[in-house]
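Colleague: Take the sequences, apply the hints, and build the full model.
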Amino acid sequence: MSKVLGAVMVVAALVLAIAPVFTDCQSDGKWLTTANGKQVSMKCHWTGIAEIAAAIPLAIGGLYALLGGRRKETTRLAAIVGVASGAVAILLPTFLIGTCGSATMTCNLLMRPILLSAGIVAIVASTALFFVARDQEMPVAPAAAA
Amino acid sequence: MNLLRLAWKNISGNSLRSWVVALCALVVAAFALFSTLLLRGAAASLELAADRLGADIIVVPEGAQTEMEGALLMGVPAHFWMPEENVAKLAAIPGVEAVTPQVYLATLIGASCCSVSEMFMIAYDPATDFTVRPWLEARLPAGLALGEVIGGDYISATEEDNGILVYGALVTLRGNLEPTGTGLDQSLFFTLETAHELARVSEIAAEEPLVIPPGQVSAVLLKTKPGLDTEALAVEIYRTVPGVYPIQSANLFQSSRTQLKSLLNTVVIIMALIWPLAILLIGMIYLMAANERRRELGVLRALGATRRFVCESLLAEASLLAFCGASVGVFIAVLAIYLFRRLIMVSLGVPFLLPSAGSLALQIGIGVLLSMLSVFLAALFPALKISRQDPAIAMRE
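Residue numbers (the working numbering), protein chains in the order written: chain A, 258 to 403; chain B, 3 to 399.
Just so you know, the hints here were simulated from the structure itself, not pulled from any lab data. You can take every hint at face value.
Just so you have them, the derived chain B footprint on chain A, three or more residues with Cβ under 8 angstroms: (1) 283 to 290; (2) 353 to 359; (3) 372 to 386.
As the structure is a prediction and not an experimental result, all values here were calculated from the model. Note that the Cβ used here is the ideal one computed from N, Cα and C, for glycine as well.
Modeller: Here is the structure:
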């Protein structure tokens, strides 16, 4: 079960890191033009960049569970990190940085709901991993067994 | 061992079968709830938007009907103009009680002088207005002053002190209107005086100036005298005022209503395919499972379990799986409709309004019950069949 949950966490992390590249306003060819004519990225683009920072620890935690990490404490720690990463992934487009002002722009139509969905999935999968890890049996060390 | 415990043991005993049954329940519940929420939300939104306008007839330049509906429904900025003298001409037509002009504007795309790109803006005349003012009366009895705006439900301040940058001018957001699920939710409302001030400031402060052609308005909203035939009045307007097209509020959003009807037909067809297929699939799974578990159920009967207990245990197992699958399904449907509602609105070209908590709870309940009923019906025949079998024969086979 923890392998399945680990895979879900890795997929959520990939979505968090990759989806903004294709769904922010910059991908739609929209830039912010300053008064001196210079083109700069809109804030949804920076949200997308920041999501990579949330995706990395989530992916590491997910990979640990996916590759069959057996230490209960480490798995639980990975789950806690996963919950925190999922929460940050949700907070970035909603409160911390935000998205563009217009409700009809690509970032609000696509990027934001995708990031929120992936964040929710990450939190649910990580929470489940925490409880699954709690039930895991600790492997008996050969020395102790002897 | 009680019934539910036995059912749970059976579920965990065959995880593949359980997953398939739960998945069927999930699909039925998710699709039924998603489509119900979507169609009811769109219909409610259309009604509310027509009510909110408060006008019996909207007069737009000829050929601008579709653009007008697009602006009101989806918030797509509209750009059309007609001579201001049409206001006096329309007011002079017998049967017209009140007329008020409106000017439709839009912010620039990706310009630093506008906090929000491509925002639809409606400028109204406070002296004659009867459409925006009723919404404002509850919160702002004095109305909007110069430089003050009120936004739709989605509009929020982007600068300090409730400010929004529009064409280089900082306007103050005085509040938000109740949601309608239409383009009105992402529109900004202000007086004609503010519109002309924005146009003046934009000449020096914006990347591109805001142009309001002198002596032009975008649309004229009409209120008819009580009991008057609006259709006859619309014909009279079309005949006497050249270059305009009167849209009766009852006929407003006709294209969306047609779109909604075809969407409803599609949903009914898909549901008519999915539901029986899911019941058939679950029925087949339970029939196979019943054959597989003949010996196991025979032992149960030999240990003293009644036919009724065996039948009930199978039905409890099916109901438990249906409940779990349907619960996840309704969660996914609600999450998808909540998060992706704007994308759905834009893709399907229909407005959408989230239902109230009570209505949502009722629809969730119906979705779960529908799904549980499907699984229950599918499992009923196999459960009855196996429970009637003689335990001795079942154990020997």
